[in-house]
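2 protein chains.
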Amino acid sequence: MSKTPINLQNKFSQFSEYWSPRVIAEMNDYQFKLAKIKNEFTWHVHHKTDEVFLVIEGTMSIEFRDGDVELSAGEMYVVPKGVEHKPYAKEECKIMFIEPRGVVNTGDAGGDLTAKNDVWL
Amino acid sequence: MSKTPINLQNKFSQFSEYWSPRVIAEMNDYQFKLAKIKNEFTWHVHHKTDEVFLVIEGTMSIEFRDGDVELSAGEMYVVPKGVEHKPYAKEECKIMFIEPRGVVNTGDAGGDLTAKNDVWL
Chain H
0 MSKTPINLQN KFSQFSEYWS PRVIAEMNDY QFKLAKIKNE FTWHVHHKTD EVFLVIEGTM
60 SIEFRDGDVE LSAGEMYVVP KGVEHKPYAK EECKIMFIEP RGVVNTGDAG GDLTAKNDVW
120 L
Chain F
0 MSKTPINLQN KFSQFSEYWS PRVIAEMNDY QFKLAKIKNE FTWHVHHKTD EVFLVIEGTM
60 SIEFRDGDVE LSAGEMYVVP KGVEHKPYAK EECKIMFIEP RGVVNTGDAG GDLTAKNDVW
120 L
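Taken in order, these protein sequences are the chains called H and F. Last residue of the first sequence? That's 120 in numbering that gives the first Met the number 0, and every number before it is there in order. Last residue of the second sequence? That's 120 in numbering that gives the first Met the number 0, and every number before it is there in order.
Keep in mind the hints are simulated off the structure, nothing from the lab. What you are looking at is a predicted structure, and each value in this text was computed from that prediction instead of being measured. There may be inaccurate statements among the hints.
Unchecked claim - To spell it out: a stretch of chain H is covered by chain F in this simulated footprint if at least three of its residues, at any positions, have a beta carbon under 8 angstroms from a beta carbon of chain F; those stretches are:
1) 24-34
2) 47-61
3) 75-81
What the hints assert, rightly or not - Simulated crosslink set (DSBU-like; lysine-lysine; CA at most 35 angstroms straight-line):
4) F/K115 x H/K115
5) H/K115 x H/K80
6) H/K47 x F/K2
Claimed, not checked - Derived DEER-like restraints, expressed as beta-carbon distance ranges:
7) H/D117 x F/D117: 23 to 33 angstroms
8) F/G109 x H/E90: 44 to 54 angstroms
9) F/V118 x H/V22: 24 to 34 angstroms
10) F/K89 x H/D111: 48 to 58 angstroms
11) H/G66 x F/W119: 39 to 49 angstroms
12) F/N6 x H/E39: 40 to 50 angstroms
13) F/L120 x H/G66: 34 to 44 angstroms
14) H/F63 x F/L120: 16 to 26 angstroms
15) H/M0 x F/M0: 36 to 46 angstroms
16) F/N6 x H/F14: 40 to 50 angstroms
Quick reminder that beta carbons are idealized off the backbone N, C-alpha and C, glycines included.
Starting from the given sequences, assemble the full structure and let the hints guide the process.
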């Protein structure tokens, strides 16, 4: 059993692509993922699971059809299952998000922003 | 649906007791909990679930029977299910930890440090 902690900034330093989640840890059947995000993501929904966003550095918003949530570093938000949402960051933002293993980043929407799943750092 | 982000430092400002977890969010059947910790916790084990620790401010260690893990702010660690461990912090440390709803902080060990479960902030 490794006794090495998972250092978030160290992990962020190992990739630069936007909207390209990297798995850094698993807890039971849930995964902790890091992403660097900038500009608009796509509207999508996860029908079977909630999704947690935690901002590590920078600011982002999560747009909903009935309003937005603004998140800064040290803030988190739970997107309930079945609720359509669109992440957005004006400037580069570093986030951690948590969801069950196997969840695709674009949910039901597909498209060019769909990332390869289960890519570990 | 609330559009208010969960601000970790704001939540930490609302309690002062050590080893007294506060639930700040739920994702499916998992809970996100905050705790302020200082000094020794008790040796214990969670037989049915992994447990994730993320240090928000300060430093802590997680002692295992075969060695320790040292964690600073911005670092996390997954304690695998079934592995006996003892959290420790020389000075006050603010942590977030994530585990399924219903997990008792002292696991199988019981004792004076067993906290009331499911206390929300």
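Which of the numbered hints above does this structure break? Numbers 4, 11, 12, 13 and 16, in rising order.
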